[in-house]
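There are 2 protein chains.
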Amino acid sequence: MTRSKTPESTRQRILETAERLFAEHGVFSVSNRQISDEAGLGNNTAVSYHFGSKAELVRAIYLRHNESLDRLRAKALEQYAGSVQLRDWLTCVVRPFTDHLVSLASNSWYARFAAQLMTEPKLRELGLVDVGQTELQRTIIDAVHGCLPDLAPAVRAERDEMARVLIVHMCARREPGLPDDSTEIWNSTATGLINALTGLYQAPASH
Amino acid sequence: MTRSKTPESTRQRILETAERLFAEHGVFSVSNRQISDEAGLGNNTAVSYHFGSKAELVRAIYLRHNESLDRLRAKALEQYAGSVQLRDWLTCVVRPFTDHLVSLASNSWYARFAAQLMTEPKLRELGLVDVGQTELQRTIIDAVHGCLPDLAPAVRAERDEMARVLIVHMCARREPGLPDDSTEIWNSTATGLINALTGLYQAPASH
Numbered sequence: 000m001t002r003s004k005t006p007e008s009t010r011q012r013i014l015e016t017a018e019r020l021f022a023e024h025g026v027f028s029v030s031n032r033q034i035s036d037e038a039g040l041g042n043n044t045a046v047s048y049h050f051g052s053k054a055e056l057v058r059a060i061y062l063r064h065n066e067s068l069d070r071l072r073a074k075a076l077e078q079y080a081g082s083v084q085l086r087d088w089l090t091c092v093v094r095p096f097t098d099h100l101v102s103l104a105s106n107s108w109y110a111r112f113a114a115q116l117m118t119e120p121k122l123r124e125l126g127l128v129d130v131g132q133t134e135l136q137r138t139i140i141d142a143v144h145g146c147l148p149d150l151a152p153a154v155r156a157e158r159d160e161m162a163r164v165l166i167v168h169m170c171a172r173r174e175p176g177l178p179d180d181s182t183e184i185w186n187s188t189a190t191g192l193i194n195a196l197t198g199l200y201q202a203p204a205s206h
Numbered sequence: 000m001t002r003s004k005t006p007e008s009t010r011q012r013i014l015e016t017a018e019r020l021f022a023e024h025g026v027f028s029v030s031n032r033q034i035s036d037e038a039g040l041g042n043n044t045a046v047s048y049h050f051g052s053k054a055e056l057v058r059a060i061y062l063r064h065n066e067s068l069d070r071l072r073a074k075a076l077e078q079y080a081g082s083v084q085l086r087d088w089l090t091c092v093v094r095p096f097t098d099h100l101v102s103l104a105s106n107s108w109y110a111r112f113a114a115q116l117m118t119e120p121k122l123r124e125l126g127l128v129d130v131g132q133t134e135l136q137r138t139i140i141d142a143v144h145g146c147l148p149d150l151a152p153a154v155r156a157e158r159d160e161m162a163r164v165l166i167v168h169m170c171a172r173r174e175p176g177l178p179d180d181s182t183e184i185w186n187s188t189a190t191g192l193i194n195a196l197t198g199l200y201q202a203p204a205s206h
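For the protein sequence lines, the chains are A and B, in the order given.
The letter at position 159 of the first sequence is residue 158 when you use numbering that gives the first Met the number 0, and the numbering goes up by one with no holes.
The letter at position 51 of the second sequence is residue 50 when you use numbering that gives the first Met the number 0, and the numbering goes up by one with no holes.
Don't read these hints as lab results, they were simulated from the structure.
Computed from a predicted model, the values in this text were never measured in an experiment.
Keep in mind that a hint or two might mislead.
Identical copies carry no separate label here, and so any pair may be met within one copy or between two of them.
[Stated by the list, open to error] Below, computed lysine to any residue pairings styled on SDA-like, alpha-carbon distance capped at 25 Å: (1) Lys121 <-> Pro175; (2) Lys74 <-> Arg137; (3) Lys121 <-> Gly176; (4) Lys74 <-> Val101; (5) Lys74 <-> Arg32; (6) Lys53 <-> Leu103; (7) Lys121 <-> Ala151; (8) Lys53 <-> Ala153.
Just chain A, with the same shape it has in the complex (with noise of 0.2 Å):
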């Protein structure tokens, strides 16, 4: 095997590495002594050395998927710009997910991954799944909610955050063990939580 040893093949390298030791075994169950020895580094100080703290580790995976995610996004977007139906937003929210998902193939450790950013107490200190909602995420949502008038904000709100909670939560069960070919089980996943959420969205919300 040929490594180029550039500092950014190295980063890339950890980041990879990292990712799936953290799905794997969890975010604090893994020291980055394990990282540089899995990643084959031979230096127990590169990750700190490219990334600092572990919360810095953390942010840097997370930032490099939610790329990703926003250029899925802004096509779904695209896809769906002024359709009135709830159905559609919906597909707005969950399809970017899942189809980042298929695009990891059997190599995927995301959804793992970003289940513990919403679930560890310490990892949802950094607020990077719950807070840090991109413009898109933010256009999409007010797209849900339009077509939810009579919804009152603070139980549109709560629905908003069930919705994350079972995408993210879904897909990180689904993950362990992919085919090398996932689409099937991604499209399947996310019709489930499609028409899921639908239902979710659209109860009445009087008792």
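Take the given structure of chain A and dock chain B to it, following the hints.
Just chain B now, kept in the frame of chain A:
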């Protein structure tokens, strides 16, 4: 402070301290030493003496709560026996969990603990929240299914999983910083969940 030094009270103190530390910092960020120190045991081997591995400690915390949960499930089953309303049976799914959290008052760490059981790769392997379903849980879920005769079994199973994910994770997100009387927060969380799950289960699956 007077402390009885019987093995039972030591065991109890370890369980309570471990649960709080696990909820606040994450199961894998907490060492046996920290648990011993915080429990005021002055003996670093107390945790492994009483519980063996961390997995056994996690299981003991889970089982202790599941006893109370099953008592609340029995009560709910009695109240709604004979009903053919989906909403009633979803109340039996949601309420025992939130009523248990009400009983823990501001001293509630269980939802965050259970959320980690469902998400952390190493804890999921223990199969506690996913598979460790009690007889009463199965009776309630069968009644939910009885209200949805047209839903394909695979879709039903997927929505059962979504329901579990939503209940545990939404409660975990409401749990930090509870007031002394948490009744109102958990009642409102329960109502939000029951409304949303009623829509989620009733959504057509035809796409």
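Checked against the structure, which of the hints given earlier come out wrong? 5, 7, 8
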